[in-house]
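Asks: So the protein lines, in turn, are chains A, B, C and D.
With the working numbering applied, the first sequence closes on residue 475, and no number is skipped along the way.
With the working numbering applied, the second sequence closes on residue 475, and no number is skipped along the way.
With the working numbering applied, the third sequence closes on residue 475, and no number is skipped along the way.
With the working numbering applied, the fourth sequence closes on residue 475, and no number is skipped along the way.
It is possible that part of the hints are untrue.
One copy or two, either will do: identical chains are not told apart, so a pair holds if it fits within one copy or between any two.
As the list claims (entries may be wrong) - Straight line, CA to CA, 30 Å or less: simulated BS3-like cross-link-like pairs of lysine-lysine:
{"#": "1", "residue 1": "Lys62", "residue 2": "Lys175"}
{"#": "2", "residue 1": "Lys247", "residue 2": "Lys53"}
{"#": "3", "residue 1": "Lys113", "residue 2": "Lys410"}
{"#": "4", "residue 1": "Lys113", "residue 2": "Lys430"}
{"#": "5", "residue 1": "Lys447", "residue 2": "Lys113"}
For the record, the hints were derived by calculation from the structure and aren't laboratory data.
Number of protein chains: 4
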Amino acid sequence: MIPRYTPKDFAELWSSKRRFEVWLEVELAACEAMERASVVPVGTAASIREKNLVLDSDRIDAIERVVKHDVIAFLTHVEELVGPAARWLHRGMTSSDVLDSALAILLRDAVDAMLPRIDRLLAALAARAKQHAHVPMIGRSHGIHAEPVTFGLALAGHHAEIARGRVRLLTARDEIAVGKIAGAVGSYAHLTPEIEADALDKLGLRPETVATQVVSRDRHAAYFTALAVVAAGIERLATNVRHWQRTEVAEAEEAFTTGQKGSSAMPHKRNPILSENLCGLARIVRAAAIPALEDVALWHERDISHSSVERMIAPDATATLAFMLERSAGLVEGLVVYDENLRRNLEITGGLFFSEGVLLELVGKGVARQEAYVWVQRNAMRTRKGASFVDGLVADPDISAKMTEQEVRRCFDLGHVLRHVDAILARALG
Amino acid sequence: MIPRYTPKDFAELWSSKRRFEVWLEVELAACEAMERASVVPVGTAASIREKNLVLDSDRIDAIERVVKHDVIAFLTHVEELVGPAARWLHRGMTSSDVLDSALAILLRDAVDAMLPRIDRLLAALAARAKQHAHVPMIGRSHGIHAEPVTFGLALAGHHAEIARGRVRLLTARDEIAVGKIAGAVGSYAHLTPEIEADALDKLGLRPETVATQVVSRDRHAAYFTALAVVAAGIERLATNVRHWQRTEVAEAEEAFTTGQKGSSAMPHKRNPILSENLCGLARIVRAAAIPALEDVALWHERDISHSSVERMIAPDATATLAFMLERSAGLVEGLVVYDENLRRNLEITGGLFFSEGVLLELVGKGVARQEAYVWVQRNAMRTRKGASFVDGLVADPDISAKMTEQEVRRCFDLGHVLRHVDAILARALG
Amino acid sequence: MIPRYTPKDFAELWSSKRRFEVWLEVELAACEAMERASVVPVGTAASIREKNLVLDSDRIDAIERVVKHDVIAFLTHVEELVGPAARWLHRGMTSSDVLDSALAILLRDAVDAMLPRIDRLLAALAARAKQHAHVPMIGRSHGIHAEPVTFGLALAGHHAEIARGRVRLLTARDEIAVGKIAGAVGSYAHLTPEIEADALDKLGLRPETVATQVVSRDRHAAYFTALAVVAAGIERLATNVRHWQRTEVAEAEEAFTTGQKGSSAMPHKRNPILSENLCGLARIVRAAAIPALEDVALWHERDISHSSVERMIAPDATATLAFMLERSAGLVEGLVVYDENLRRNLEITGGLFFSEGVLLELVGKGVARQEAYVWVQRNAMRTRKGASFVDGLVADPDISAKMTEQEVRRCFDLGHVLRHVDAILARALG
Amino acid sequence: MIPRYTPKDFAELWSSKRRFEVWLEVELAACEAMERASVVPVGTAASIREKNLVLDSDRIDAIERVVKHDVIAFLTHVEELVGPAARWLHRGMTSSDVLDSALAILLRDAVDAMLPRIDRLLAALAARAKQHAHVPMIGRSHGIHAEPVTFGLALAGHHAEIARGRVRLLTARDEIAVGKIAGAVGSYAHLTPEIEADALDKLGLRPETVATQVVSRDRHAAYFTALAVVAAGIERLATNVRHWQRTEVAEAEEAFTTGQKGSSAMPHKRNPILSENLCGLARIVRAAAIPALEDVALWHERDISHSSVERMIAPDATATLAFMLERSAGLVEGLVVYDENLRRNLEITGGLFFSEGVLLELVGKGVARQEAYVWVQRNAMRTRKGASFVDGLVADPDISAKMTEQEVRRCFDLGHVLRHVDAILARALG
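One chain only, chain A, in its complex shape (with noise of 0.2 Å):
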């Protein structure tokens, strides 16, 4: 998590002061919940709410560096702040009921951060879509010229996948919002599972099924893998960005402000630098995806092994990739989309897309589908050097044999391609 990366409630959630807030908010929901279990006296937690306490994280810091164990810090920084009453705190349970319960908190609420970032994102490629739902543009498998789409539908698509990341986050902010107050090893020996299921419910989580001294890091795992998956849809869409902007094909472009300035040797350049940054931060994002994998096999009831990792990839992968959520949000909202391009590279090739259209026609007047792709191959590869694609189509004589002129022209359509657009935006934006 670097500055030039981190939206600034990421910056917030991650730091230091907000990780000893949650701590002290889990302590005392488990306190409340014993008092209702009449395990810990009435009015504890509220008397220790009342001090409105301002942990100090360079204190809690100096006690770590002798006692080496950070929730022990903690608790004895609460201790000196609020005095013999804290010692009802942390009653039976073991910092991993502290540590993964806030955990669960934070990761939830990043989860609960990214949502509106990616709305605006999908709120960003629907209206883009729609504007553009007609603007005929080729559509290229393998680089090449395939067969005609329109910018809309391009669009669409990576709607349609961003919808499905948003879904990802879902389920995984549902997973993950998971805490566990139940002791040592996971077996309430000095707790009970009614204190830690209504702790737990009014810090808006669910108990562990079954608890080891942790909650199970295959939910960690499912969470940044799911995360991954976002950042790579984010990356796909970077990536044609990258190929709609490049110099020869120039059909869009990502906004260029007054006073930018592309090149320190270049004068003349624009570059797009989102969408490449993009494509690299997503490299990041997938990064936490393996040593999040690597986690879950802790020995036996817990290691700490995993928490050195979590505490760098938790920021890392949530900042980064809500960052990226609204840097690409911004990429598509300024997106400058040039028709005039569109509409030349489309003619690029005089038509060349229509090719399917008369093989199809040749198969349906009763020519073998292999013999009638080598009749339309030999006039597209005849296009290389110069000739018209239908003009050699009408005065091909295997060809001529079975179509009329008017009937080779014909599947010329652009019109007839598109015919699905409206339909398929449809199924997207719904």
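Go by the hints and put chains B, C and D onto chain A.
Replies: Chains B, C and D alone, transformed into the frame defined by chain A:
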């Protein structure tokens, strides 16, 4: 996919024979839908089905060496066998309509073939969890004795994780069961959404929301990452078995069959080789996650870079996970549990694991938590020199000022700390 | 390792047949060293060699199904064929002495089999770099026209990278050519360092410095990551070809053979399928890096978790990289370069890429860099509306106050900006 | 790079302050080389150096927000501070000339800062290996007792691996110490190879063989994968410590300092938290390998997708590895070794680990290997029911027909199986 780790049904699933069969199924389903849509003469598909085609993989390979395109080679071969009627196949379709719909069928069927295996593993875990529900075991965190659990509880934890894995497989199945019969760039240029929906429905698939030339690869990335999470769960189980089987621990052991030899050098060896093998295989399944994620960002309407990746990881990751499920089920079923060693290890520390109860009791008596901690810790550390923990506590002046000997000794109650085991098991297996 | 992407010699290298042959070679080399050390009767190995054993993989597999140990199965089969003399084989050795020394031989031989392929690729790159040394091409950064290079220069850059890859392969070969004949835990309990050194020397290997039961897996991790770096270099080359072949760019193209078909739907297609395939395969080789790194931390003196991983990634990564080297060499050899399109694209922007020269000239005349930048940039941006860049500069009052028209026009000199091409080529290919 | 795992010097190395300083160093070195080449007025750089510029990161950031280009922002700020002379800076250069040369310096310096740390770790391993050279320990494979080694031998094995890691760091340093001052597309359009060589030489760098806009990223991929291999070596060491410290094994233990607390719940805990932490951090360093490899295939002469990746992984991977080296050195230095427990564990099996000696003796007496194996194995397996291994062997009719009791008992000789320890240590540490 090497024979050593490939279940027989997965060898068949991913054979050339099966692949071409499924391609033909897709072509015929599409043909029948086109018949119903009056695009192709009624009876075409039936006339082809009647021939009970036996496709010749070698012949298809030979054609491919010339045309350098696998689906065209396949179609050419079908045309050789079927004659003129074959020209109605593949009408308006592109190769990926066949390939991606077929891949969806195979990946879906791969999950279906995993389900009985994961159910066998779940059944084994549930049965053994119940069998050993009340066999006490020292719970370990960081490999160090912590507080007691039961052997059944540990297995129930794995059951809960694998059960989440089963849900993940079903989600992956649902997401991947998506085909596409939408033509060269997904625009239905020479098809209709209705034909696609009809054909896919017969194949047990749904249409892609917005296809490019291909089904969107975020689906496949989600599929392979889901597999990796399940594999990681098995890795955790196998890691625990490896720990339990260590010479010094010896709490449980893989079954050792008659005639088995543990080492070419050392006749005395019995090694947890199944578990170690499972840990290695988890790395293989995990390794598929990254290329699957890298496949998402295809260029424009598609490039073919995902194809070689999927040709390798689809068989590898699915067959390996199926093998892991099977092997881990057998492992759990045959696991030899040594109750006497579980008891021996539990008692090694002379009840040190009751330390938390004493701590909480002192806190209940008004001692500050961190002070009580120090009192208990010093007696715990003395046991390393051979001192008795409970006697030390009783004799400790600070502690005895707060607790009677009886109160101290009452904390050493195994039944108490394990009183919630049945509740947890009910939650996991209920 | 699927047949599609496996060179014939790699299929043999990783066959069961070859594996058992190499195992026997290791056993015999060790036996001969023990004969020389008077530990085993002289002539034992010779008497076995005389028999020209034909090992039966199926029989070995059948024995393994009982003993569940591959090396024991192998030895038992050898004993079946050889009789009493076989008991002198494997004396004091452990399975891994055989397995790891054999794996070292196979991985070393895999590099040896790659070397002629990488040399072919280097030769192709060098030849084509020289051929197109002075064919100007617009250099692109961010996909946007930057400043001119030559086509040969681009290829020379790939040559330099692949040449570094060759060094990496040699380093990997050196590091992996390490065997071990040191017994169950590497202590030479029933062997001597001298016997090991003697035997390994005959096999072309060096002894591991400190072995556990196995050769240390950092060597293998270094080996597989080296392969991944080489594959990434080929990916860069293939990515460039894909860009060059784009319809709008059309500067270079993969050879398209007679009879080849580009698409089952679109007879007009010629796709860069070799390059795309190479990009996909690079992901496969890269994916082996992580499990190889995860294999390093074996438990204690070894566990067997690395074994299943290596059974899969060793054939896969080496065969795939060999295939990539071969395919990329063919690709470069056959690459069709379109000089006229290179020229056309170069000229698209009307010399915009000379902007830096003008900027520097203004700076030389005393204008502050950032001010000069703004002057040049505004004229560059006007060309997007069709204005001539050079004319705009000449007419710009700020610029013309500093530079004469002649001075401006002198900046538009392609020969000048390419004057160092030969020096760079000499450095790369010399 | 989070403070918790960032050594102080790495926090400085990767600070904005240091980055801008190094940028300025690169600009001035280039300027001086241009002075010597008579391209820039002599004395320019000296006049700038005299000013002892204090660069203002915040000001640079503010300018970047307008121009959206970090190097231009930096240059603009320098111009603000320096005045007209600044226009001679960056002459003919592109941003990446500065960025990549600076990154090379920082990555090289990162290795330099790791070297004393890895030397400390090596020294600690060597010292402890010698100290415990002859302390017998049961060697384990698969976690199961195998044959004896010594504690020093185990440490010597780690020494050998880390020593290879040191070589890898030096190789990585050598490969990354490559800069570039070759202009927008590496063609020296407004520079010369001589100026570049001169400037880079002063910076301790070599020129890239063929640069594009950037230094080729295979170098960085090789660098980061080298780091990952070193981290994996530390992971193996840490994994072993975790095993040694297990309650049941208790052969060695991390130092536990005064005031340290092992658990918030359990006052009796002493956990191997440093080792577990090192295992987690190894995952972080390893995770950087994949994005670094993905960065290699930049488009054409470069895109900027690698930039965001390197901004994150360069500090993270280098600082984390440096931290790991430091922490693992401290761990080894402070490791508490329990000779009595080593002895106890060694004796647990009653000499079972001498089984191979008996097997070999029988083979020497003419018994077929697999037959002798069965005889020894059956006596080994009986020890699981409490039988004495040696007595069983002596009493076994098959064995006693071949070996006298004395011959059997002579096989139980610890000194014999450890007689080569000094030779191995000499090889490792010599």
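Asks: Regarding Lys113 and Lys430, is the shortest C-alpha distance of 30 Å or less found within a copy, between copies, in both, or in neither?
Replies: Classified as between: cross-chain Cα gap 24 Å, same-chain 76 Å, threshold 30 Å.
Asks: Reference check for the pair Lys62 and Lys175, CA-CA at most 30 Å: within, between, both, or neither?
Replies: Neither, since 44 Å and 45 Å both go past 30 Å.
Asks: Measure nothing new, just compare the shortest in-copy and cross-copy C-alpha distances for Lys247 and Lys53 to 30 Å and report within, between, both or neither.
Replies: Answer is within: at 27 Å inside a copy they meet the 30 Å cutoff, but 41 Å across does not.
Asks: Is it within a copy, between copies, both, or neither that the alpha carbon of Lys113 lies no farther than 30 Å from that of Lys410?
Replies: between (83 Å within a copy, 27 Å between copies)
Asks: How would you label the pair Lys447, Lys113 (within, between, both, or neither) given a Cα cut-off of 30 Å?
Replies: between (86 Å within a copy, 28 Å between copies)
Checked against the numbered hints listed earlier, the structure breaks hint 1 alone; every other hint is satisfied.
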